[in-house]
Amino acid sequence: MSFGILAEDAGLSDVEAVVMSAIVFAGSAQFTAISILAQGGGAGAAVAAAALMNSRFLPMAAAVGPSFRGGKIRRALKGQAVVDHSWALSSRGDGSFDEQLLLGASAIAYLTWVTGTAVGAVWGNALGDPDALGLDAIFPAFFFGLLLNEIKSRRARGVAALGTVIALALVPFTPPGIPVLVASLASLVGLTRGARAAVLERQEAEGEAR
Amino acid sequence: MSTAAITIAGCTLVTAAIKAAGPVALGGRELPTWFTSVVILLSPALLAALVATQAFAEGDRLALEADTAGVAAGGLAIWRSGSIVACVLVAAAVTAALRAL
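Heads up: the sequence lines are chains A and B, in that order. If you count the first sequence from 1, position 76 lands on 76 in my numbering, and the numbers rise without skipping. In my numbering, each residue's number is its place in the second sequence (first place is 1) plus 1000.
I should point out that these hints are in silico values taken from the structure, not numbers from a laboratory. Check before you lean on any hint, since a few could be wrong.
[As the list claims (entries may be wrong)] Quick list of in silico lysine to any residue cross-link-like pairs, SDA-like style, CA-CA up to 20 Å: (1) A:152 to B:1076; (2) A:152 to A:189; (3) A:72 to B:1013; (4) A:152 to B:1025; (5) A:72 to B:1017; (6) A:152 to B:1013; (7) A:72 to B:1076.
Could you put the whole structure together from the sequences, leaning on the hints where they help?
Dropping the structure here:
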């Protein structure tokens, strides 16, 4: 629902907001893209930031791949159903996934996501001036909530701090949207030996659980 | 096409391509460790930059305004209650209240 309200703030029509939820179906990427539009950024910066936000689906969908039945095209189509919540729910904890549970959970998430967007878009029209209601503060507050879940390790907190510094340093000098894109370079900390070792350690821990 | 329409079309294409690439192109093979390691850290980098630019920037200048205080209050709310709904509501309420002053 919040997506429907905020999409209007970013200049999308009711129909555009619902269409976007119906055909993109990736919450955090959609929020990322429209918040860049709301900041005054261009379509290119918005799509690039959404793609970066979606890059986590590569390892997620790759992990699910072997659990999907069917040929390449069917598996590619089923890959579209992967969203964070259904992915986590259907994980059996041994590296395999319950295909039926994943598809079912995604179907429910899809329906609530699209109808929620529609309700939010229509309700948003009735709300009046979004700035007077402080609705523009919802974007950063929502991202802050997501961020808290992502910074459980010291390394992730360091990357978040670095991303903040890069973004704020660039604000006066670059067009809107660009600071966020450049800040993503902070993730290159992942190339360090320590970060790679941490990933290997976690993968081994998961492997032993199998 | 409008900016919104181009953004929607672009997001649709990249999202579909990324989600399809996982199960098909990679089909069970493990991704290189360095890649996974960077991808895991992309979320905190992007989210932190989004929070910072929206809370502290107005166009091309840095500014402390009503929404800065609102986001700070929202951060306090989620830290105390753990609820993202409370965080968002408090952030909007504080921002609106400061603007109404």
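Okay, the hints, checked on the actual structure:
1. With a C-alpha separation of about 17 Å, the suggested pair residue 152 (chain A) and residue 1076 (chain B) falls inside the 20 Å cut-off, and the hint holds.
2. Under the criterion of a C-alpha separation no larger than 20 Å, the hint pairing residue 152 (chain A) with residue 189 (chain A) is consistent with the structure, at around 16 Å.
3. Between residue 72 (chain A) and residue 1013 (chain B), the direct Cα distance comes to roughly 18 Å. Compliance with the 20 Å bound is thereby established for this hinted pair.
4. Restraint check for residue 152 (chain A) and residue 1025 (chain B): not satisfied, since their Cα atoms lie roughly 31 Å apart, outside the 20 Å limit.
5. A distance of roughly 13 Å separates the Cα atoms of residue 72 (chain A) and residue 1017 (chain B); the hinted pair therefore holds under the 20 Å criterion.
6. For a cut-off of 20 Å, the pair hint linking residue 152 (chain A) to residue 1013 (chain B) is broken: about 32 Å separates their Cα positions.
7. Between the alpha carbons of residue 72 (chain A) and residue 1076 (chain B) the distance comes to roughly 47 Å, so the proposed pair goes past 20 Å and is violated.
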